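Engineer: Assemble the whole structure, with the sequences as input and the hints as a guide.
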Amino acid sequence: MSITIKYFASLREAVGQAEQQCQISAVGCNAAELWAQINGSIALPDNSLVAINKNYASLDARVNDGDEVAFFPPVTGG
Amino acid sequence: MSITIKYFASLREAVGQAEQQCQISAVGCNAAELWAQINGSIALPDNSLVAINKNYASLDARVNDGDEVAFFPPVTGG
Amino acid sequence: MPVILQDFEFSPYQRLQEYEEQCCKPGESGATVNFIGSLRDMHEGSPVEAMTIECYPDMALQEIEQVCEESAKQWQIHHFLVMHRYGRVEPGDALVLVAIWSTHRQQAFDACRYIIHHLKHKAPFWKQEHHGDNNRWLESNTNDEGVGQC
Amino acid sequence: MPVILQDFEFSPYQRLQEYEEQCCKPGESGATVNFIGSLRDMHEGSPVEAMTIECYPDMALQEIEQVCEESAKQWQIHHFLVMHRYGRVEPGDALVLVAIWSTHRQQAFDACRYIIHHLKHKAPFWKQEHHGDNNRWLESNTNDEGVGQC
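Chains as they are written, first to last, in numbering that gives the first Met the number 0: chain H, 0 to 77; chain F, 0 to 77; chain E, 0 to 149; chain L, 0 to 149.
Hints in this document: simulated from the structure, not taken from any laboratory. Note that the coordinates shown come from a computational prediction; the quantities given were computed from them, not determined experimentally. Please note that the accuracy of each hint is not assured.
As the list claims (entries may be wrong) - Below are the DMTMM-like pairs computed for lysine to aspartate or glutamate, each with C-alpha atoms no more than 25 Å apart in a straight line:
1. K24/L / E8/E
2. K53/F / D57/E
3. K24/E / D40/L
4. K53/F / D6/E
5. K53/F / E69/E
6. K24/E / D92/L
7. K121/L / D92/L
8. K121/L / E12/H
9. K24/L / E69/E
10. K5/H / E64/L
11. K53/H / E53/L
12. K5/F / E53/E
Structural biologist: Next up, the structure:
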């Protein structure tokens, strides 16, 4: 399946890119597994947040074909 | 002693003037007695407020020579 | 700490901008909270054509300054600006402006609420509504917004 | 209910005045409360030269709109205006504006506090401070103002 992954702030810097398209074969893959498959060598910090299709999701939320999955550190706006 | 009396809002209308100078002879006169001496025929409404020299005071606060005494209804600013 | 009473119209946003440009050091305050109270065209279900605000000017100034000083003891405030109209006002006119510049937002919100609450209960102003030939003194604003909640 | 994200400077007072002139009916709202958050030139005792605010624009817009909708269920609000900067900002620049027009002041204060509090905790923005060659991502703003107090 085809997934768009976005990275922001310190996670964008850690990964070295802001966005990538990827094809993954796993059926029933969740967000944590997606990170591990794509960025296996980089540990996802404990306080990281995930959004799937622009809504907050948990790390064990299932990722589906066509989803936009974003990984980012705690937000500091306002 | 010489006293300046000020009236505001509905009390100004009830009394028919905004300010008056008066000479009273009473020693140890308080604000309620001052009103009664000057405006004996007009009852001072229960919720009326008094300021002596621009500071809130109670009706039994003593009035001294040279004081500015103001009578007014509850405030409705802001 | 300016407190300004005036009997002519003012534009709150223009005054805020002017005050900030003239008196505030850029980068000093992280949080600004403003309250603007305006005359509504309805009150308790009746239309309001205009209003006259009477005031005891010297005492009003003194009471508002005292409320501001009390707030400055409780919260870290860099700047205040308080303005209050008196005289005849029309619906839509700004009646009162309370602006606070502070480092943090909780402080700015708390101080702004405190000042407008205590100003309403202490400062000697009286409002008379006009509607046609009918002139009505407002009797109290204590029930208006919940006493004790500032 | 406009929510505006922009990567260039804005004058909060000018925007408020324009919004009010164009969108608000004079005499409708008795109470306006505005919060303006600006970049300070110091943070935790260290000078700040500039900051870059990164954002996830579509999600930020959606999260802020949702916070505004939640506030509109709790309080009677006539109008909102929320603006948030992103990109490079300098000390003194306005970063965020939350403006509420309501009938009563408690409602306006409560809604304004609610929106800025939840915006800070939910909207996907990230701040990086610049000082000389040093760039530092802020790690959290949850301890900044007391969580749970909105």
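Engineer: Each hint should be assessed against the structure and marked as holding or not.
Structural biologist: Evaluation of the provided hints:
1. K24/L / E8/E: Holds, at about 18 Å.
2. K53/F / D57/E: Since the Cα atoms of K53/F and D57/E sit roughly 7 Å apart, the hinted pair holds (cutoff 25 Å).
3. K24/E / D40/L: Distance ~10 Å between K24/E and D40/L Cα, so the pair holds.
4. K53/F / D6/E: holds (20 Å)
5. K53/F / E69/E: The hint holds at about 18 Å.
6. K24/E / D92/L: holds (12 Å)
7. K121/L / D92/L: holds (22 Å)
8. K121/L / E12/H: holds (21 Å)
9. K24/L / E69/E: Roughly 36 Å between the alpha carbons, so the hint for K24/L and E69/E is violated.
10. K5/H / E64/L: holds (22 Å)
11. K53/H / E53/L: The hint holds at about 16 Å.
12. K5/F / E53/E: holds (13 Å)
Checked against the numbered hints given earlier, this structure breaks only hint 9.
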